[in-house]
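One letter stands for each residue in the lines below.
There are 2 protein chains.
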Amino acid sequence: MKNKVRASLIRGGTSKGVFFDENAFLKNETERDSWLLSIMGSPDPSGMQLNGLGGGISSTSKVGLINRSERKNIDVNYLFGQVRLKEPKIDWKGSCGNLAAAVALYAIDERLVHSQPDGSAQVNIWQANLNYEIRVKIYPPNDKRFWISIPGVPGKNSAIYVDFINPSPSLLPNNQPIHVLNLPNGENIEATLICGANPTIFINALEIGLVGDELPGEFDFQKIEKLIQNICTEGAKIMQIPNTSAVRVAWVSSPKDYTASDGSVILAMECDILSRISTEGRVHHAHTGTGAINLACAAKIPESIPYKIVKNRTHSGPLRIAHPLGVMQVDANVVQEGKTSKWIALNSGFMRTAKILMVGNAYI
Amino acid sequence: MKNKVRASLIRGGTSKGVFFDENAFLKNETERDSWLLSIMGSPDPSGMQLNGLGGGISSTSKVGLINRSERKNIDVNYLFGQVRLKEPKIDWKGSCGNLAAAVALYAIDERLVHSQPDGSAQVNIWQANLNYEIRVKIYPPNDKRFWISIPGVPGKNSAIYVDFINPSPSLLPNNQPIHVLNLPNGENIEATLICGANPTIFINALEIGLVGDELPGEFDFQKIEKLIQNICTEGAKIMQIPNTSAVRVAWVSSPKDYTASDGSVILAMECDILSRISTEGRVHHAHTGTGAINLACAAKIPESIPYKIVKNRTHSGPLRIAHPLGVMQVDANVVQEGKTSKWIALNSGFMRTAKILMVGNAYI
Chain A
1 MKNKVRASLI RGGTSKGVFF DENAFLKNET ERDSWLLSIM GSPDPSGMQL NGLGGGISST
61 SKVGLINRSE RKNIDVNYLF GQVRLKEPKI DWKGSCGNLA AAVALYAIDE RLVHSQPDGS
121 AQVNIWQANL NYEIRVKIYP PNDKRFWISI PGVPGKNSAI YVDFINPSPS LLPNNQPIHV
181 LNLPNGENIE ATLICGANPT IFINALEIGL VGDELPGEFD FQKIEKLIQN ICTEGAKIMQ
241 IPNTSAVRVA WVSSPKDYTA SDGSVILAME CDILSRISTE GRVHHAHTGT GAINLACAAK
301 IPESIPYKIV KNRTHSGPLR IAHPLGVMQV DANVVQEGKT SKWIALNSGF MRTAKILMVG
361 NAYI
Chain B
1 MKNKVRASLI RGGTSKGVFF DENAFLKNET ERDSWLLSIM GSPDPSGMQL NGLGGGISST
61 SKVGLINRSE RKNIDVNYLF GQVRLKEPKI DWKGSCGNLA AAVALYAIDE RLVHSQPDGS
121 AQVNIWQANL NYEIRVKIYP PNDKRFWISI PGVPGKNSAI YVDFINPSPS LLPNNQPIHV
181 LNLPNGENIE ATLICGANPT IFINALEIGL VGDELPGEFD FQKIEKLIQN ICTEGAKIMQ
241 IPNTSAVRVA WVSSPKDYTA SDGSVILAME CDILSRISTE GRVHHAHTGT GAINLACAAK
301 IPESIPYKIV KNRTHSGPLR IAHPLGVMQV DANVVQEGKT SKWIALNSGF MRTAKILMVG
361 NAYI
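Residue numbers (the numbering used here), protein chains in the order written: chain A, 1 to 364; chain B, 1 to 364.
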């Protein structure tokens, strides 16, 4: 058995992931996963992943397997693994949109893609878990005019635009913007289910007794953990997908002023909708990228829960989503296909930054 | 400016740190610290260190600068830096005992020390912040008979014994086992102050309204944060040292059954004393190594607060300290010097494990 493997630890958006050449692993998936679990320090009953590269929260317990793609107009394939903290398990059913920005940096750093003389690059990624294309545009990294900051990450880094191309053959189960979830306790809750970049279930915060301005550091997630699980179970049934950690619940509400986790004040006038999204055992510290993509798509579909909140907004620019660390802007081009009237997203994207943190050998 | 520097990310005990060759940095300390802050992702208003290698808690936001030592019988010098999460600051005034085990692995991996054919090694480290010797013995890493588990880290790794040699010229300020701290609110609290491996202040848990079985995930540290700060301020005055993050407060109590953070049950009969130690903004998830060393020393000094709790214990083996993740055993040889009757520790040590997680280049 090898005891080390070449790896790159990279931040993408508000996530961190460890990236590997997919070919560095044997084709035996059980053995591959066991190596990756060991590298990341899972399972760990305390959830802290002290014995590995994982950071002890879902946003920093991610891996990506990358290889050169043989698909037309695609540079690399991106297989995403969400490494569980306390269980010996990696979920390969979802994706991480934030890390798509990191995949692009990895592809350039590992010379799978060539950049322009000014460092800019176009990287076309195949999201191999969910079978769609992600087009990533890297702005000239040494030109500080293109440096931006994103909420949740201090300082400025070079801008990276991440565009999800038609991420789903059909955004809505049965093409319906609203489904009623029948929960085990007899309650019925209205939900918008989006099978987009990742499956996401949107609930109006008020319907589950929340406001929408909850902060991860202050909010006791255990109070709603069972409810969230039940919503995921019922939603996954309707979407006809397995109920894995890739299924997230987001509760949304109308803009209001609130204080973000870093102490800054977010004004109602700076955003179009408040969103808080669930992640393993907690409220996400910012927002999942895929959840943001889905929210921007949902907000364009009449009668959906997000649509009802944003329908009176006075601009037609990107959707401004207020999360615990600030506001992110997300584009979406959503249309109904001619014959079937099915709602699809032509594309949807957002601006991110990324940073290579460490490159070398990770120990198994 | 360079944009990367050779680095090793290593777990030592229940901490993680990033280690560098001290000579890789310019002698300008301001520039060196600015590079290290950037590598670790500090300062970050959210405290998550997403833009660097830090793990967002004090136990995983540590750096070590290592070089070959010119001291007699010493292999390497170990300069420890505690990287603040939210402030642009590295504290160079304390040490991390857990990471001493990691320093030994680094020294062998970087060929600063030679191991025996069976992989075992003796590494003599100079603690350069505090000027004392740490002798680290690495048991044969490939011989599974020497593999152990330590509380807080899942699985087994090769045993490493970390022995602090005479870590302080005088353990007690004014050679007194008890000092009364006069707090700003008029309250007086009895404390045992140890200027040992790191400065630590021991309080009887009951005296500050606590039990001693508190768990980091459940206990609201904010309730006592001001009190802890006041205790540190007063304690530092008496110890005549600066009040940095290296000064910790531990509250101790008599053995009782409790459930540890990982769900396991710790029985009163398995331990000699319960201890909870403060760290930046929270209760430490396990126990600091230097705090454990100090506690084992204090427990041997009559009339100290730890001594009063353990004086009726029925064995003379290592002190069994129960922390939020389990029980650690700590040796201490404490004596009074002839002429002055000053209390000193000849040596004090504990068994740890460590693991190299990643070696390569860290990006600034």
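Treat the hints with care, since some could be wrong.
[Claimed, not checked] Which bits of chain B does chain A cover? Going by a derived footprint, with three or more residues having C-beta under 8 Å, they are:
hint	stretch
1	120–126
2	134–145
3	291–298
[To be verified] Pairs of lysine-lysine, DSSO-like flavour, derived with a Cα cap of 30 Å:
hint	chain 1	residue 1	chain 2	residue 2
4	A	Lys4	B	Lys4
5	A	Lys144	B	Lys4
6	A	Lys4	B	Lys237
7	B	Lys144	A	Lys2
8	B	Lys137	A	Lys4
Hint data in this document are derived by calculation from the structure and do not stem from the laboratory. Backbone N, C-alpha and C fix where the C-beta goes; we use that ideal spot for every residue, glycine too.
Now for the hints, and whether the structure bears them out:
1. 120–126: violated (count 0)
2. 134–145: Result for this restraint: violated, n = 0.
3. 291–298: violated (count 0)
4. A:Lys4 / B:Lys4: holds, 21 Å
5. A:Lys144 / B:Lys4: holds, 19 Å
6. A:Lys4 / B:Lys237: violated, 48 Å
7. B:Lys144 / A:Lys2: Roughly 18 Å between the alpha carbons, so the hint for Lys144 of chain B and Lys2 of chain A holds.
8. B:Lys137 / A:Lys4: Satisfied, since the Cα-Cα distance of roughly 24 Å is no more than 30 Å.
In this structure, the hints that do not hold are numbers 1, 2, 3 and 6, in rising order.
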